[in-house]
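A.B. asks: The chain contents come next:
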Amino acid sequence: MSSLALWGRASRRGRGVLRRSFVIWVKVAVSRALIRVIAMYGDPLWIVVNVGGPMLTSLALAFLYMLAGLSSLTGFAILGGGMVAYWGNVLWSMASQLNWDKRSGMLYLYIASPAPLTALLIGMSLGGILGTLPSSIAVLIIGALLFKPPFTPPTITVALVFMLTLVALYGMGIALSSLYLILGRESEEINEALYEPISFLSGIYFPSIGRFSPLPLAIQAIASLIPLTLGMDALRRTLFYAEGLAELWPNISALAAMAAASILIGLRTLSFIERRGRETGDILVGMK
Amino acid sequence: MANVVAENLTRVFETKSGRLLALDSVSFEVQTGEVFGLLGPNGAGKTTLIRILTTLLLPTYGRALVGGFDVVKEAKKVRSIIGFSSSSERVGFDFVTARRNLWFFSQLYGTPTGEANRRIEELAALLEFQDQLDRKLYTLTTGYRQRLNIARAFINDPQVVFFDEPTNGMDVFSAKKVRELFVKEAKTNSRTIFLATHNMFEAEEVCDRVAIIDRGRILAIDSPENLKSSLSKPVVLFETDIAGASISDPTRLDGVVGGTIKVDNENETAKIRVILRDEDFLERVLQLLEKRGIRVFNYQRIEPTLEDVFISLVGAGFAERERGIEA
Amino acid sequence: MIRKLAASIMLGLEREFGWTFPPLVILLSMIPATAGVLTAVMVYWVGASAADRADPRWVAFLIVGASLYTHFASYIWAPLSAVSEGKASYTYPLVFISHSSLSYIAGRVVASFIESSFTAVLALGAATLAVKALLGVTLELSFTPLSIALFSIGMIVGLLAALGLGLMLAAYAIFVTRLEWGLPVYISGILMIFSEAIFPSSALPAPLPIIAESLPFTHIIRAARAALIGPLSLYPAEILAAALLGFAWFLTGLAVYTYSEGIGRRRGYIDYRVV
Ligand SMILES: Nc1ncnc2c1ncn2[C@@H]1O[C@H](COP(=O)(O)OP(=O)(O)O)[C@@H](O)[C@H]1O
Ligand SMILES: [Mg+2]
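In order, the protein sequences belong to chains A, B and C. Take 1136 as the starting number for the first sequence in our numbering and just add one per residue. Take -16 as the starting number for the second sequence in our numbering and just add one per residue. Take 8 as the starting number for the third sequence in our numbering and just add one per residue.
Zero decoy hints are in this set.
Taking beta-carbon pairs under 7 angstroms as the criterion, some of the chain B residues facing chain A (in silico):
1. Leu39
2. Leu40
3. Leu41
4. Ser63
5. Val74
6. Phe87
7. Leu91
8. Gly93
To give a feel for the contact side, a few chain B residues facing chain A, derived at Cβ under 8 angstroms:
9. Lys59
10. Arg62
11. Ser69
12. Glu72
13. Arg83
14. Gln90
15. Tyr92
Because the hints were derived from the structure by calculation, they are not lab data. Just so we're clear, the structure is a prediction, and the values are computed from it rather than from any experiment. Backbone N, C-alpha and C fix where the C-beta goes; we use that ideal spot for every residue, glycine too.
Using the sequences and the hints, build the whole thing.
C.D. replies: Dropping the structure here:
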């Protein structure tokens, strides 16, 4: 047999392996997302509970906008209520996920199976987004009905910015979940302490960067490092100031870069964790 | 065919109190269709060994093959042909049905959904929890939940299945079902069942061969019958008054290879079970007990169990070993 | 009774602070509290600047109200979590059997109150400084021994009302075993809107201000503003209203809780974990 034929056979086998791992990857991600969605929608009460915090906060803040100055700005608060749920989902259920999985023994099964951790985490994010969607939409609808804020009808740019923001946000969730796995239990307290300050800096409810930001430039620069900040800023500018790609390209390209970077960091940390875990024997499984 | 091979497997943990040798040059082979038991007290190294074989932990030294694949270099291949379950886990999604949970785990292996569903039905029938399949996980009683965990380990049609103390804390009926399943899966579906346990009864009942492990070392490997019959030394059980509890170490008695003492505080008696070097020492032990003021109500020679095999190998029983570990 | 209460307070404090160095706990809870207060300030500032009428007095109004609101919102949960956590760990049935579930809950509330008082006062200070640094606005808050004492009295009066509300939530937790934090989320949100935390209740549409007037927290927040911003003459009436309403709430909470415990016992909910 010529070496060329041998090579051809090898690469065909290689392709087969590749296809098989791709199939597993997709199946794992889809089933993880599905389980998450089933768990959420299996109990409609969940949605009612989830909607409470963001809705009442955004109503209160919308009212404050109205009293403070212009009722045209109430949209900022309502948009914030719609978006804060994703941020909460990332921090409260994505970031701690691997730690919980470790405690329940699930992480052991994941590692000891051919399922890639990345597929599990991305499936988890997808499920989180789909699961958060109803509360987010509910807040937007209720807020819009009550305060009737003026906004430009959503365009492709809005969809693009929204999607990029979510990708960057959940990418951060993936990075955090690997980081928290290394940190262990203390990470929950860190989470608790992180949530509000980051919500503040990223300007979920008010413009924290740009022309309308009341914050000093130095703080704005720090805030711009958080993907959520750029996303919120771009969303506000498209929805309320009818800006398009021409004005928003810096935000969009930075968001894309951040999304890519955080996913990359997350994946790197994951493979580091798997390697270190197998060496030391205590990162992946809880010592009882 | 040898489905699990270990050659000089060694694992050292770096702990705060220094280096800990959890596995010390362990070698063995397990065949297809075999139920293989790893019997030893807590802290013996059973979980460590299973973690290495399931690719979760790297050996410090030595080599292991599972299904012909190297657990270090070909971890991915090993992972797709093994199953695993442990009694200390509490896995699964509470607000999702048992069926969906099992389906999810099958997806970790890329199993086609139709095939997964067929296997779920089959396993549920074997472990008798079909009527629980459509209930959400959090409504299941502990026994059913544990059976579900066992079923899960078989969901990917694995070649080798590892169980870490699977029936620990399980009710008697569930444990019986699980043990029957192990034997059936090994014999009719030619899987290798690798079972870590500190339950002697379980090891005797289901295992074709048992490896006795203590402090990271395998002391003997054979069928339970052979292990017991290889113990030619006599095992004698003395029932004494409570003063018998004062003997802290039976091996101090002349002619005793090893033994255990169980104190029954309620009846104020003690049961001293010893393995004698040979028959002739029986009189000697009786005299020694009498000299210490211990009243012997009754004594008899008894059939050896796997624990006696363990005792004759290490000089102490599981309970003594585990107490030593806590100390 | 006193001894049981003290023991429960100690237990609660240990739970709040036990995991690490106590000042770190305070710091870690002060940061989110301050950030929450500042969010409200920024919303106001952005809105008011756009309309060209930003007013530092409003900011002072907001900071006092929002800090106190954060304080209440963070510790009215304590009884609910004592019950639901206690049910999960079987502590609650044991406490219940020992006839001291009330002092247990009260103790946990007091412990949580202590932590969140430190947090609230520090957040108030930090927010004041932050406003100066970020917006360049100097607030006319009077931090004198008297004003701080009056402010603290307000918090202590609030303890009674919060205990009342907390007991009602604990009663609810006896019956609910899943998603039990759903109700407190709504209650916190409602308090934010109605307790005059970030805007005057008079701004609410017609019948709604009545709700605000009947909340003891509204009066406590007003009393605190009278102490720190002025006029001081408003303080006595508000603190009295707060005390009376708080006492009424406390009695209601007590009645609801005792009654629910009775039902819970009859129906076997006390140690019932899974629906
Ligand atoms: N990750 C780890 N780090 C340090 N020591 C460990 C680790 N895992 C196990 N050990 C130690 O190794 C020994 C064997 O443990 P293990 O394999 O769990 O025993 P078994 O499962 O037989 O009870 C014990 O002394 C245990 O404390
Ligand atoms: Mg073990």
